[in-house]
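Asks: Start from the sequences, fold in the hints, and give me the full structure.
These protein sequence lines map, in sequence, to chains R and E.
Everything in the first sequence is counted per the working numbering, starting at 1 for the first residue and increasing by one.
Everything in the second sequence is counted per the working numbering, starting at 1001 for the first residue and increasing by one.
Hints listed in this document are in silico derivations from the structure and should not be mistaken for laboratory results.
Cβ coordinates follow ideal geometry from the N, Cα and C atoms, glycine included.
Treat the hints with care, as some may be off.
[Unchecked claim] Pairwise CB distance ranges (calculated):
1) Asn-1240(E) with Gly-129(R): 41 to 49 Å
2) Arg-1198(E) with Lys-208(R): 58 to 66 Å
3) Val-18(R) with Val-1007(E): 27 to 35 Å
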Amino acid sequence: MERDIGFELEGVWLKYYVDFHRPRTLRELVARRGLQLLKGNGDGQREERNFWALRGVNLHAGPGEVLGIVGSNGAGKSTMLQVIARIMKPDRGSVSVKGSIGCLLSLGAGFNASLSGRENVFVNAAILGLPRQVVESRLDDIRELSGLGDFFDAPVKAYSSGMRARLGFSVAVHVNPDVLLIDEVVQVGDAFFQLKAGNILDRFRDEKKVIVLVSHSPDMIKRYCTRGVWLEHGTVRRDGPTTEVVGEYLDWSRETAGASA
Amino acid sequence: MSVTEQVAELVERRNVIWHFVLSELKSEHRDKLLGNLWHLIDPLAFMLVYYAVWAVILGRRGPDFMAYLFVGIICYQFYQSSVVRAAQILRSHVGLIRGVYFPKAALPTAVVLSQLYGFLCGLAVLGLLMVFFLINQARMPPEQLAEVHHPLSVGLNLLWLPLVTGIECLFCLGSSYLFAIAGVWFRDMPNVMAFVLRLSFYLSPIFYYPEDLPERFRVFYLANPFSHFFGIMRGALIYNRPPSLEGMLYLTGISLAVLVIGLAVFFRREGTVVKHL
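Replies: Dropping the structure here:
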């Protein structure tokens, strides 16, 4: 009884504008364009300052798959998750997702720090379109999984990074998405949380959902993931059995570290 | 996704809009002493100042001027507050936008709807004021009545109110979508807007009568959608006068055009705008 859920990225290119001299005011824009017209520079200058975070990424996943994404910092892993989650639109290529998406991206990105954990759950649910009664019925479970205890009613301002990650994870899980995207932030949770989270991952996999997990922990990837993906400099360098992919990535990292030492 | 699909998605996820409307209303006056009372006090204070200047100090207006002023003020503030807030709305929700996917058009939509609430509050205040104005007018001796520019009256033309308000909402929505995107691209949008809005404030018949305008400015007056909006509103609310057909058609046409353009620009750009937040 396999439901048709999953995602597919085809030839996805995405750029960031790392242009610290981008015209921030109308005055600058007019001045810059004026100069360009006079000098006949055209857009040549602008292209140089574009940073292509994703360069022709092809990736797909179907029901029951747990993808483990590895790669250096800045390789484009978080960006790729944001593209799957439709938070960012690619400049080239296509994204298609079947099923509902739940994400746990950067620490407390979706949180309003002045509200309590409980209030943030409702805010998050409202954004995702979950009816209030549904949230209320799951509230106890969310609180329990987060392990926050009394802090559940304290403002998120007071949370440690680990607590934020646990709240975010708990909310993302209880939304019961078909596709769950987890960025590396989940690693800041303590050992107890890691075990609980692991159980959830196993359960989701058995329920034939799709999970994408970005992690720097080889053990975590090998333990929970059905497939490994090595992303480097915005391209998929390896996509295959977990142990192989992780092994190659680690070897490459050691070599690069050794070379620059 | 095409623009129509995105509009459909926005309608489907309309409870998100509702959530943002509530949070807008809560945060707007949260830390202020008088809190939500400012929705009512602002237009009143504005009206009193302009009345003091034009009717009392300059002596150039009659007793009905207050009602004339008040309608213009609440109508214009509806638009002005919407677009100014819309220009910052995406930036002020940057964390949420980067953390979870939701139709971002919900944000400027919620801005307009929350300002609509303020507008309705203004209408309530106007209702109260009209009671006093009408009683006062009924008691006026003939010499004073002669000073009145146009007698106040309320009647069946009040029924035009929902339609005109609806049309104006479309105009505000379209403008808000445009300014929401522009506000991300240009950091000094608020300054530019302050200037443009100030200009259009003076180009709109808020504190002067259309007949006072010299002939050569007539074309600007006629082209300005606010002129028609105010005229129809005043006709419905304080003069019991039906709207002119040309005015209604022009207003509807402009509003629909602005809405369509605003939606198109917003939905095309919303994907890339995230990177600039």
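Asks: Each hint: holds or not?
Replies: Okay, the hints, checked on the actual structure:
{"no.": "1", "hint": "Asn-1240(E) with Gly-129(R): 41 to 49 Å", "verdict": "holds (45 Å)"}
{"no.": "2", "hint": "Arg-1198(E) with Lys-208(R): 58 to 66 Å", "verdict": "holds (60 Å)"}
{"no.": "3", "hint": "Val-18(R) with Val-1007(E): 27 to 35 Å", "verdict": "holds (33 Å)"}
Hint check: no violations occur; every hint is consistent with the structure.
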